[in-house]
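J.: Fit chain B to the known structure of chain A by using the hints.
For the record, the sequence lines run as chains A and B.
The first sequence begins at 1 in our numbering and counts up by one.
The second sequence begins at 1 in our numbering and counts up by one.
Just so you know, the hints here were simulated from the structure itself, not pulled from any lab data.
Any given hint could turn out to be false.
No copy is singled out in the list; a pair is fine if it fits within one copy or between any two copies.
To be verified - The list that follows gives simulated cross-link-like pairs (lysine-lysine, BS3-like), each with its CA atoms no further than 30 Å apart: (1) K158 / K5; (2) K5 / K134; (3) K134 / K392; (4) K340 / K191; (5) K56 / K5; (6) K134 / K398.
2 protein chains.
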Amino acid sequence: MPTVKPRTLSGFMELLPPAQRQFERVLETLRQTYALCGFAPLDTPLMEAAEVLLAKGGGETEKQIYRFQKGGADLALRFDLTVPLAKYVALHSAELSFPFRRYQIGKVYRGERAQRGRFREFYQADIDIIGDGKLSAANDAEIPAVIYRTFSALGLRKFHIRVNNRKILSGFYAMLGLTDKSADIMRTVDKLEKIGADKVRAILTDDFSIAAADADKILGFMSLSADAPNPAAVLDALEAYRGRNPLFDTGLDELATVVRYLGAFGVPAENFAVDLTIARGLDYYTGTVYETTLDEYPEIGSVCSGGRYDNLAEYYADRNLPGVGISIGLTRLFYILQEKGLLNPELPTAPADALILPMTDDLAPAISLATMFRENGVRAQLYFEGGKFKKKVGYADKLGVPYAVFMGEDEIRGGVVTCKDMATGEQTTLSAADTLTRIRDGLARRESGRIILG
Amino acid sequence: MPTVKPRTLSGFMELLPPAQRQFERVLETLRQTYALCGFAPLDTPLMEAAEVLLAKGGGETEKQIYRFQKGGADLALRFDLTVPLAKYVALHSAELSFPFRRYQIGKVYRGERAQRGRFREFYQADIDIIGDGKLSAANDAEIPAVIYRTFSALGLRKFHIRVNNRKILSGFYAMLGLTDKSADIMRTVDKLEKIGADKVRAILTDDFSIAAADADKILGFMSLSADAPNPAAVLDALEAYRGRNPLFDTGLDELATVVRYLGAFGVPAENFAVDLTIARGLDYYTGTVYETTLDEYPEIGSVCSGGRYDNLAEYYADRNLPGVGISIGLTRLFYILQEKGLLNPELPTAPADALILPMTDDLAPAISLATMFRENGVRAQLYFEGGKFKKKVGYADKLGVPYAVFMGEDEIRGGVVTCKDMATGEQTTLSAADTLTRIRDGLARRESGRIILG
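Just chain A, with the same shape it has in the complex (with noise of 0.2 Å):
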């Protein structure tokens, strides 16, 4: 007699098999990507001795973290990769080669209130590279070449990756004497496409007392990337103030850097943008920062953020560990991806590619046949239920499977297969190894789509 009513947490992602099929689609394009570039893969505890992670501490991550005890121990679940991994690099940094690349794909836990959309268990895909005391700018150009060939391997087309530096930012604060107000300015001017030039104008003189002349300037700072028609022509633009901030020369320095290699590493120019407005809000990034957003659909704000770090385990060793890296929100870009309709939906989702259906007591043969699709590489499921042929049918129908295979008496007496194809009903009487042909002829075409689209 049932005693609990089954639920699910809300805020927690659990899918039908259908999409299920899809997104373990994306998990594996994304472990062959990052595989592909040269990431070696990581996977650490999901839970952590609380002092460990929250070793950095305050803040809203503190709120939202779960933490608790057990055995006297006080503990928590991470709430990002990048902790994970600070710990990781810090404790066996004597064993690790620098540079250190290094891809996690995992669950990551925050309490936050639920709501459409938000999850409190989410999976991130994570790329990161670490140096031992210093690190070429020329991986800040990796990174979004890396997640440019991870889209392009998902089938999104339209999306751009935008890049800035906050070393250009500083820099240029500093020129106006408003260091100490940059922090401001910058999670300012970062809402700039959100609420628009006029409500940051106010809000930089109002709220931080900054001069309107100077303001002005900020915002004319601001349109420089958006009303150049290219990278290189930003790049341009910039060049007008080199030789007055040393910081801003780096920055300067760093971002032609990303911008001239994004080309030898095949990033095309419409997925890519110099933009000068991002900051991203953590403090936690010190030169590049990264920004990826959908063409057609801005709204969603950014699905893959990032950037360089000066120090990525300041707070477990003495060395210094200078790093970049990206995120990219899987869980959410899922979510989304499926309420947008992007998913491409002729893309199999079924268990198996063919459903084997034993039309007699002896259930031997039908069991061979799949045992040989098995060693050829097709996905084959056996139904081994009696019922009327109706409900065999009925039952390959709501699965969705590709193909349904029959084995009666006449097909095991002339030592052939009856194989239907489920979309298109043509139905063929063929040898078991013409009938793999077939049906793998078929999968190849049908599996030869992108997995989104847009």
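T.: Frame of chain A, contents of chain B only:
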């Protein structure tokens, strides 16, 4: 300045990159093989409402569980993948097709006393087939067939999947008039291999007041499988008991079905045995039960266990959902394989197949080469950092990359690249396309070995 000593919780496995790469190979093989056999991937939250996870309640589980409060909710981390499956199936039964076949590979949590080789966070890799109302015994044959295929794909050769049926045991104890003691007897006999026949006899007679004659009959019955040369001979010996108890007869029919169809599934006799001593501790299982042992390491015990259960979701739903499943304790298995030196050291474990070392200030030619390699499926890493030639080659050595590729001025001018096989030292200077071919051929050779030796 460091403020917190970095550490990983005891009982939590955290691998260095080469071992992680080996673990990823295992995961990938499991995902592929399970999918090939027509199981749908499933992913459920790591966290559930405590009342849902503990619906069955009581026992060791409850003490080991990680349970905590957050925002007024009573939460817990999953301790296996079966309870979340039961919840999932009960919650979504209207949207699923039965038999529902799913695989799930994920971490589970048990706050056990930490000791060597015991983990508090570990992966389980489960497959289950859930029927609606009833489920053919042929499914009980498929489960070990999938495990045979999985272990074989990993490279394992010397293992035995041991099968028994609890109805045979219960029926036999009923014949002896010992039904009310059958759970005690099963738990005792389960230890036969570990403690020997004399101690088992002593426990049966002394602790459970079983007559010496009955204890001998029990031990005699158990020896039927130990003494038989093959599964068919065990079935023959069991036929002598037919007709004396209906439950026994049903169990014997089910076991005969499993033995019969395992051949059609291509499972060779040397990887399969009927073992009447297996009962599995849990009262949970009601028919077929499985254990899997490594021939050369019997002391490890079972690395993959499971069985048939009457009703998966009895605590959540009125619907009768019988099932059969099995679980690989992946983290423990991997730990043992490492300890015993059974992971093939010949397979590459570097984060990249080719490390590309630019020898000029302009990094663009090296980047273009890496991009071309990646487009052709070779995992290519770039080394952008400065430093002497020796330092760069030392990095390649330490990473253990199969190939180092040098791009100096001579190469760029000549339209060629220099490629060194890091294992043999053999160095070639060829076009990029020919270098790619050389690397791909070499990799195919290196990647051809088994993952697990033994």
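J.: All the hints need checking, so say for each whether the structure fits it.
T.: Going through the hints against the structure:
In this homomeric assembly, K158 and K5 never come within 30 Å of each other (Cα to Cα): the closest approach is 44 Å inside a single copy and 45 Å across copies. Taking the shortest Cα distances, K5 and K134 sit within 30 Å of each other only across copies (23 Å), while inside one copy they are farther apart (56 Å). Only between protomers do K134 and K392 lie at most 30 Å apart by alpha-carbon distance; the minimum there is 15 Å, versus 64 Å within a single protomer. Within a single copy, K340 and K191 get their C-alpha atoms as close as 24 Å, which meets the 30 Å cut-off; across copies the closest is 57 Å, which misses it.
When the C-alpha separation of K56 and K5 is checked against a cutoff of 30 Å, the pair qualifies only between copies, where the shortest distance is 13 Å, while the shortest distance within a copy is 40 Å. Within a single copy, K134 and K398 get their C-alpha atoms only as close as 57 Å, which misses the 30 Å cut-off; across copies the closest is 19 Å, which meets it.
When held up to the earlier numbered hints, the structure conflicts with hint 1 and nothing else.
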